[in-house]
Amino acid sequence: MPAVYKSKHILPLVIIGVIVAALTAAQALLIDWLPPATSEQAGRTFTLLWFLFWSSAIFFVIVTSVIIYSVWKFRAPKGDMGDGPPIHGNTKLEIVWTTVPSVILVIVAIYGYIVLERNEAVAADALTVDVYAQQFAWSYGYPATGIQTGVLVVPQGRQVELHVRARDVIHSFWVPEFGIKGDAVPGIDHVLWINPTTLGTYPVVCSELCGVGHGVMRSKVEVVTPAAFQAWLTKSKADVAQGTAQADAAATAANAPGDVAAGKTVFEAKCGGCHAGLGTEAGGVGPKLTGLPLTLASVKTQITNGKGLMPGGIVSGTDMADVAAYVMSIN
Amino acid sequence: MSFWWRRAIVSAVVGVLFAFLLVFMLRAIFGLDPLWQGNVVATVAGLFGGLGFLYGIGCFDYWLTWAKGRPVSSEDHSFHGVSNWKQYFRINTDHKVIGIQYMAMTLFFMVCGGIMALLIRTELAAPGQQIVDGQAYNGLLSMHATLMIFVFAVPVFGGIANYVLPIMLGAKDMAFPRLNALSFWFLPVSGFLFLASTFTGMFGAAWTAYPPLASQGTAGQTLFELGVQFAGASSIATAINFLATIITMRAPGMTIWRMPILAWATGVTSVLVVFATPFIAGSQFLTMFDRVMGTHFFVPDQGGDVIMYQHIFWFYSHPAVYIMLLPGFGIISEVIATFARKPLFGYRAMAFSMVAIGVLGFGVWAHHMFVSGMAAWLRVPMMITTIIIAVPTGVKMWSWLATLWRGKIHMKAPMLWAMGFLFTFLIGGLSGVFNGIVPADIQLSDTYFITAHLHYVLYGGSVYTIFAGIYYWFPKATGKMLNERLSQWHFWLTFIGTQITFMPMHWQGLQGMPRRVADYDPRFAMINGIETIGSYMLGIATIIFFYNVVISLRKGDPAPWNPWRGRTLEWMVSSPPPLFNFDVIPQVVGGPYQYGIPDARHAVVFAPEQFGGELTEDTRYPVLVVANDTLTSQGLIDEIRSRNADGLWSFEFLVPVGDDDRAVAERRLATTLAILAGFGIAATGRVADGEVITVAGDEGKSRQPYEILVATLPTASSAWMRQDAVDRIRKRSGIATSHIVVRGDDARALTAASALPLTMIVATDAVGADALAAVVMARFDAQPARFTIICPLDLPQPRWGSESSEIRRQAGERMTATINALVSVGVQVQGEVMDDGPADALPLAIDAFTPTQILVAGVNGEAAALAGAANAAAGETPVEIVNLGAPAGSE
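Residue numbers (my numbering), protein chains in the order written: chain A, 1 to 331; chain B, 1001 to 1891.
Think of the hints as simulated: they come from the structure by calculation, not from any bench. A couple of the hints might just be wrong.
[Stated by the list, open to error] So the derived label-pair ranges between C-beta atoms look like this:
id	chain 1	residue 1	chain 2	residue 2	range
1	A	T128	B	H1296	27 to 35 Å
2	B	G1253	A	A22	51 to 59 Å
3	A	G157	B	G1529	49 to 57 Å
4	A	W50	B	R1722	31 to 39 Å
5	B	H1296	A	A22	58 to 66 Å
6	A	W33	B	G1128	21 to 29 Å
7	A	G291	B	V1010	46 to 54 Å
By construction, the Cβ of each residue, glycine as well, lies at the ideal position given by its N, Cα and C atoms.
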């Protein structure tokens, strides 16, 4: 094997290596591999991913080039029945190829550890939000405000501390653009930290198989300016207060005849994930809602209590009346 | 239907009915409501039905007879070996039959799992719903993974090792043949339970079956939990069997450092199986108790702990990854050493790195759980162990590359798969490092990046290595060669299909597509469509493979004992091997990969004792060597020498002359036999009139040799190959026929490594005379020898002058004429014209050629002058003088 150092094989091997390296680099640079990083955590993690990529590219290029070169150059001529040289090993070389990758791996691990520590550094002014996962919907609660929403709203530039919990089976809270993921596990309060940096709306994806509706278990996170967040908070608090005062009114509203057009809009947002084609097609998680023996009362009961895979209480109050009216209209 | 299958079906049905009765009775007695509880019935019925089937097929008969106190005969081999294909469908204790049963069964489940995969890819071909709804989709993905892991990738290596390992170790069978049969028959029960869940509502919680989701499942989930128990029992029983075989049944001289690497791989894997498999059994028992008996192991609001399940599950399932990889590493090591014609680089480092992977494999399980919400501090230690385990894996990769380096690589089908493995597994290994680093894994976990990673690891590390093994040992197991062209198609379609299907998944995962979803964001539409096309390529490739197997079994070329010229023991027995592998256990005398070391031997195969000791000429297996133009060539001689090192063969030459001169062929044959005799190889031979195909084909048919070797010049310059001689001889004789190609210049040159006596002829004016050629021919016919003709010229000064040049030119022409005349009649001769006079030139020439005899040939009395110089230079070499009379060119 020391023949490598002095041999005629070096130059062609290096040329193949350069070509493979160029192709590797080209696909790395020309393809848009990662979503935009919109949190401090994602920024660090994505840089780490690129560092991992370039470190492993070294090994990829070496191994691939040696394979290509060997298959090309050391191919036995047709009819050559001879054997290669009886080389059984080379201790020096074996020490080198054990040590060098070990050192690189140690560097990678240390870097990974640093990123992990910094990603999970807790800020004093963190905003606490509760995340609830259930088959197949996300909901968010803001402690001490009574706010419950289906869309996560967070301020830009302030750390958010998420307490992820599950109500039935295991789910996983993931925002690809934030670079953060954590399972929602029944019986456990799983804490995640996110420092959003960029305004915008991003998907919340369930990434742990949670049953038939796993693929449609999605929601949104909105990153807004601190001022807008305060305004939203104030308004939502007021809504809650009003909502409590008008609980009876809501019950009345639920019994009031609903508006089909408004119901359709609400249905699209809240129910369309499972009931395909606005409730007129089969094949979603939930059944087709046409041609069933439904009454207005039975629809409302099911919306309130849930049944089977369908959780109860997805819509309430006027919305429930409207949705029920819409369901009866297509039925 | 045979007696055994009727009994198996009856007792399985009886088992199921008994289970129904038992459940109803007990529920009625204890007043449980409802009386019909699907999960409970499925559990008990699956258990009793499975055991009933195993009893009926005959797995327990011997032990039950023994337990009843009735006489048993441990030497009763009536369930050993097969005489027709139907017997493969009943219980058998022969490791070779069980190996083939394993392969057929696991490949059947691979096809089932593959069809699931194609359905999955068809569903994902476009956004929205294509062919199945969400519930069925979850069932498909769970079933796909379950079949592929539990009844394909894990046990298939048991199949290959079952067939090959006992022979490699020089054993007559596995240590526990009846346990071996039971291990196999667990598998159909397990696979049947998985597939049966199609009719009870497929289990849809993925192969990981995390509670509480798994607890919600239908009776199908119960069948999954039960099926895993049967598959696990099969694994453990086989692993114990392998360990006992490797530890206690190695042939004499087979020290652990002389074992083929596959034995190391199987040993380490078996240790992993024995220690890890009880954990998955436990995890599935606990979930089953939760579901069937109402326990609370994994019910969070009753004090259960769902994270606990994941720890137990991965404590098996991470080592399981190595259970699915290490045997493949062993197979690849065998294949690369054989097809690169080089000793395995760093044999001991290879063995130690597998042991290291096996040990470390138990310390990394929680890297599957970085986002699971487990104790946060556990993540960093698990990251470190994960990083460490990459090092021995890397050592293996480097060692394979170093084995390739400067080898003589033959890109036959098994080697293609090995190269495909190196590339594909490399990508899987490198993306594994990404997943090992905690913050990166937090982003990548449960995305399509993981789907890509695991398929690169398992396609590369399991599927490719399995196919390398199948292509490598298929001739050994069946006695038939696979069609090489179809094999190459199978490989290239699979290789390209793999990359098209799985490469883009890295991008999808990084971009935000989670795994195990039936529907996805429309922006992933195009990439999913491409992947679906890639998966169809994989499907077509698999069809080609099975077509190849079927036609090769029906009318493939007969396989010789050692088609790949491997060195391990399985290549020193017939294809397929005899009932108990070896007539007498071989004696191992060296390492298994001694390529490039002339006359090195791995083992000595002894003849039965009544013949006494090592195989003698009469008892060696005959090989028919067919050659004419290529006789005496170094290539042919080397090939015979390397085959002779096996100690198994005797060589019979057949020289068909066709229209050529018979005397020439006889001289060449005599030379060849004399050269071989010089190496202690006793060969015989005869010259035959007639065309090569007729003569060799008929000789093969009537003599029935072990193998026919046809040596020819390269196809372009060989008259035999223009008639497609090799294939036609194979067809005519029905005997495995191999082809040795010899270069043209090699065929005419003086054989370099030869113990034949060398006669030096000293002549000046006599060179070119017909009389000289006649003398040499006569000498040769008296005793085969090599000749070198020296023509020392006493040139006039200046030697660069035109007179000298003319003399030199003429001497050269005469020399060429003599040599051509001699070579054309089959005499091995070379010649040299030297510029110095005899007094100066002869000492140099004698020193260079070290002849055994010197012959001075002269015309018109010049012989005396030459003889004086020759005698002075010759020392103790005998000198003979021949006077040829009239000078050359004077006629």
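Here is what the structure says about each hint:
1. A:T128 with B:H1296: 27 to 35 Å: With a Cβ separation near 31 Å, A:T128 and B:H1296 satisfy 27 to 35 Å, so the hint holds.
2. B:G1253 with A:A22: 51 to 59 Å: 52 Å, holds
3. A:G157 with B:G1529: 49 to 57 Å: About 41 Å separates the Cβ atoms of A:G157 and B:G1529, which means 49 to 57 Å is violated.
4. A:W50 with B:R1722: 31 to 39 Å: 60 Å, violated
5. B:H1296 with A:A22: 58 to 66 Å: 59 Å, holds
6. A:W33 with B:G1128: 21 to 29 Å: 26 Å, holds
7. A:G291 with B:V1010: 46 to 54 Å: The hint (46 to 54 Å, Cβ to Cβ) holds, given that A:G291 and B:V1010 are roughly 47 Å apart.
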